[in-house]
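Residue strings, one per chain:
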Amino acid sequence: MTFEAGLDIRLSLRNGAVEAVDIASTRLVQAAGLMAGRKPEQVTGLLPSLFALCGTAQGIAAARAFEAAAGWTAPPALEAARTVLLGVETLVEHASAILRDWPALLGEEPDLTALRPLRPLITASRHALFPSGGWATPGGGGLAPPPAALADLLRALAALRALDSEDAVPIRLMRHLAAQGLESFGASDIPLMPVGGPSDLEDRLAADRDGTYLARPDSQGRVYETGCLTRLAAYPTIAALRGRHGNSLAARFAARQVEIAEILRKLEDLAQDLTTAPTTTFSPAGTGAGIGLVEAARGLLVHRVELEEGVVRRYQILAPTEWNFHPDGPLVRGLRGAEATPDLHWRARVLAAALDPCVACSVEIAGHA
Amino acid sequence: MCMAIPSRITSIANGMATVEAFGRSRTTSLLLLADEVAVGDYVILGAGGNFAAEKVEPEQAAEALAYLADVLATGQA
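Protein chains in written order, with the working numbering: chain W, 1 to 369; chain R, 1 to 77.
Derived by calculation from the structure, the hints in this document are not laboratory data. Don't be surprised by glycine CBs; every beta carbon is placed ideally from N, CA and C. Hints should not be assumed to be uniformly reliable.
Here are the simulated SDA-like pairs of lysine to any residue, each with C-alpha atoms no more than 25 Å apart in a straight line [as the list claims (entries may be wrong)]:
1. Lys55(R) with Gly15(R)
2. Lys55(R) with Phe282(W)
3. Lys55(R) with Arg8(R)
4. Lys55(R) with Ala159(W)
5. Lys55(R) with Thr280(W)
6. Lys55(R) with Tyr67(R)
7. Lys39(W) with Glu308(W)
8. Lys39(W) with Thr287(W)
9. Lys39(W) with Ala207(W)
10. Lys55(R) with Thr113(W)
11. Lys55(R) with Ala366(W)
12. Lys55(R) with Asp152(W)
13. Lys39(W) with Ala34(R)
14. Lys39(W) with Val39(R)
15. Lys39(W) with Arg349(W)
16. Lys55(R) with Asp101(W)
17. Lys55(R) with Gly134(W)
18. Lys39(W) with Gly15(R)
19. Lys39(W) with Ala66(R)
20. Lys55(R) with Leu65(R)
21. Lys55(R) with Ala13(R)
Have a look at the derived ranges for each label pair, beta carbon to beta carbon [stated by the list, open to error]:
22. Pro146(W) with Ile12(R): 33 to 39 Å
23. Glu79(W) with Met16(R): 39 to 45 Å
24. Ala62(R) with Ala104(W): 30 to 36 Å
25. Ala24(W) with Arg26(R): 17 to 23 Å
26. Glu41(W) with Asn14(R): 40 to 46 Å
27. Arg209(W) with Ala62(R): 30 to 36 Å
28. Arg38(W) with Ala34(R): 36 to 42 Å
Isolated chain R, as found in the complex (with noise of 0.2 Å):
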């Protein structure tokens, strides 16, 4: 499935974020994001990850985490 990981901003710098899910983290380029974003925000990435595609509201992030969380540890994977 496409899911989409909602994933933390942990730094940003010359227009890339790094960014946190899951306790591993990645770079990924903000110039695609009609939002502006800051650390502590969350983004779901595009297919491969080179472009942050859009701003997630915590609550929503909060929730679609839980549930990969469970995805992951019932080994649906």
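Bound-form chain W, shown alone (with noise of 0.2 Å):
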């Protein structure tokens, strides 16, 4: 393995409708590990050039992490700065997703005019908030936002608001599923994730020594699905969808629109209130364990970190895809079962794009009738 990772799903058909579905992962789910030996402010340093696609995400959830290791809990302007840092990772993970992967599902071309500017809102909006390049400094790092470099991120952000509009990818897939009768497709009886992870979350990480965690979680035998939909599930029209629908294809491609209307407003509640933080008390643990927790745009990050002496003796990081593709996880259940129609692998497809792994997928069928 030298590029990065995938997944290969692989459904197998019998009588008429797939009967299993296995998933081939070749993520490097332990690949955090090797932060062990290093300095803390080494793996906030390097953790988002790691993962630079969700690298805010990753860099504020170490960040988390370290601090949860002190004992020391983020005052409400850092808080609120590292919502601002998130919301807008999310915000252009989602538009990724619509203006250059979903076009494809409805047979069209990406929209890469409309995509090219997002990306660098992310570094923008770090160097925004954060002048002097701490933004995933435990502790703090000099939160200073200028007024004026925040009104134009989002004036730059403003632009998404055309992703709502009645010709715009979103709407049309949703007619589109609408028309085939594939709303409810993909529906699965796992249950959503609880606000801040599982209860014995952390006690699972720090007993699984040989990764198979990592790799396949789970509470008490309890898969669960992570991502827009969860954040959303409570939202009016997103509980109506799932009310008729079920966790379904209908209800996650709808609560990734919803949630691109929710985070702009967010922000710009955000950046009324947004001050400067007062300077920092954080001393770094010497000695101490503690995980951090992020909702990326994909669903719920965590990091793990064990210190020693200020030495990081143990690092972890537990990814949504890790849930939402387990081998008993909502791709699985929501495609067991389906019949097999000569569409299958384009509905496969949908689901897959609809649980937004963060690695390429792809998809196989077995046993053609």
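Using the hints, build the complex out of the two chains.
As structure tokens, this is what we get:
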């Protein structure tokens, strides 16, 4: 394996339906283990480059894990700034899916012109709020947002409102699913992730010596779905869709679209309130353990660190894809038993896109009738 | 993990770049990049590899590649 990892989904058919769904993953779930032996600032410096496509979420999860290990709680101003940075990254990730990946589901070309100016906003948001560069530094790192920079950022992000229009990809995709009678496709009985993760999260991570939990997490045998749908489950239009179609294609795609509008609204509110954080009182733990949680674009991201005399002894990362693409998770349950229609391959691709893995994903159908 | 592998551009033609990492080459579209890039620059690719997502500074690329080399060497893959 020398390139980015991926997921291969294999559907086996029998008697006109999907009998089995196997997912082969080449994801490097234990790669963060090599952070051992480094100092906290080396870890928070390296992680955002290593996971450049979700670097903000990784950097902030790391900072929170180190803060938890020290028993330190971030002041509200710092938490607000982090919410802004995570919001910007989530917006860009959602827009990337909608403009680059969803058109292919409709047989259309991606809209690269609309997407191109968006990714630089992630870096711009970090510079805007933390001009001295310490956005991922445990304890803060010089939060000093100049109002003008934030206003520029919000103006650039406002372009995303166009994704709500009648002829934009999300609405057309939803209409297409409705026309095909596929709104309920991919519904699973997998419960949605509790806020803050499963109650045994920290204990299970601590006990996971061989990486089994990182590859196939569960909580007392139960697997959860995590992502936008989890975050917006109670939002009125999403709750109505779930009531009608279950945790299915319609609810998941709609949640992504609703979340864009919700984050834009939240960022405008936060921008009014953002202030310079008080001088930090954080002192890194010499020895201790802690976890850092982040709601990243694709769901719950968890970092756990064990520190010994200021050096990382153990480092673990649990990513949302391990829940959503678990061998007994929402993708597998959503496809098992599906009718072997001529467009099954497309349907499986659409469901994978709705659950949004953070790596490339292929679909293969074995045992064609 | 959705690790990003910084890949060095070895040639550019018609908006497509040939990039190399760990001795393997592939082609990727430069149409999504906001920055100008040239042969020798490092980029990371979006999921699936069809599009370069971001230009990466050489020091940052070197640091990430060193870590990834360790990951591969220790069989964490």
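Hint by hint, here is what the structure shows:
1. Lys55(R) with Gly15(R): holds (15 Å)
2. Lys55(R) with Phe282(W): Violated. Lys55(R) to Phe282(W) sits at ~33 Å, over the 25 Å cutoff.
3. Lys55(R) with Arg8(R): holds (10 Å)
4. Lys55(R) with Ala159(W): holds (23 Å)
5. Lys55(R) with Thr280(W): It is violated: about 33 Å lies between the C-alpha atoms, which goes past 25 Å.
6. Lys55(R) with Tyr67(R): holds (18 Å)
7. Lys39(W) with Glu308(W): Holds, at roughly 10 Å.
8. Lys39(W) with Thr287(W): holds (12 Å)
9. Lys39(W) with Ala207(W): Holds, because 23 Å separates the two Cα atoms, which is no more than 25 Å.
10. Lys55(R) with Thr113(W): Holds. Lys55(R) to Thr113(W) sits at ~17 Å (cutoff 25 Å).
11. Lys55(R) with Ala366(W): violated (39 Å)
12. Lys55(R) with Asp152(W): Answer holds: Lys55(R) to Asp152(W) is near 22 Å, not above 25 Å.
13. Lys39(W) with Ala34(R): violated (33 Å)
14. Lys39(W) with Val39(R): violated (34 Å)
15. Lys39(W) with Arg349(W): Not satisfied, since the Cα-Cα distance of roughly 41 Å exceeds 25 Å.
16. Lys55(R) with Asp101(W): holds (21 Å)
17. Lys55(R) with Gly134(W): Holds, at about 20 Å.
18. Lys39(W) with Gly15(R): violated (41 Å)
19. Lys39(W) with Ala66(R): Distance of about 17 Å is within 25 Å: holds.
20. Lys55(R) with Leu65(R): Holds, at roughly 14 Å.
21. Lys55(R) with Ala13(R): holds (17 Å)
22. Pro146(W) with Ile12(R): 33 to 39 Å: holds (37 Å)
23. Glu79(W) with Met16(R): 39 to 45 Å: Given a distance of about 43 Å, which is inside 39 to 45 Å, the answer is holds.
24. Ala62(R) with Ala104(W): 30 to 36 Å: holds (34 Å)
25. Ala24(W) with Arg26(R): 17 to 23 Å: At roughly 21 Å between Cβ atoms, Arg26(R) and Ala24(W) fall inside 17 to 23 Å, so the hint holds.
26. Glu41(W) with Asn14(R): 40 to 46 Å: holds (43 Å)
27. Arg209(W) with Ala62(R): 30 to 36 Å: About 32 Å separates the Cβ atoms of Arg209(W) and Ala62(R), which means 30 to 36 Å holds.
28. Arg38(W) with Ala34(R): 36 to 42 Å: violated (31 Å)
In terms of the numbered hints stated before, the structure departs from hints 2, 5, 11, 13, 14, 15, 18, 28, listed from lowest to highest.
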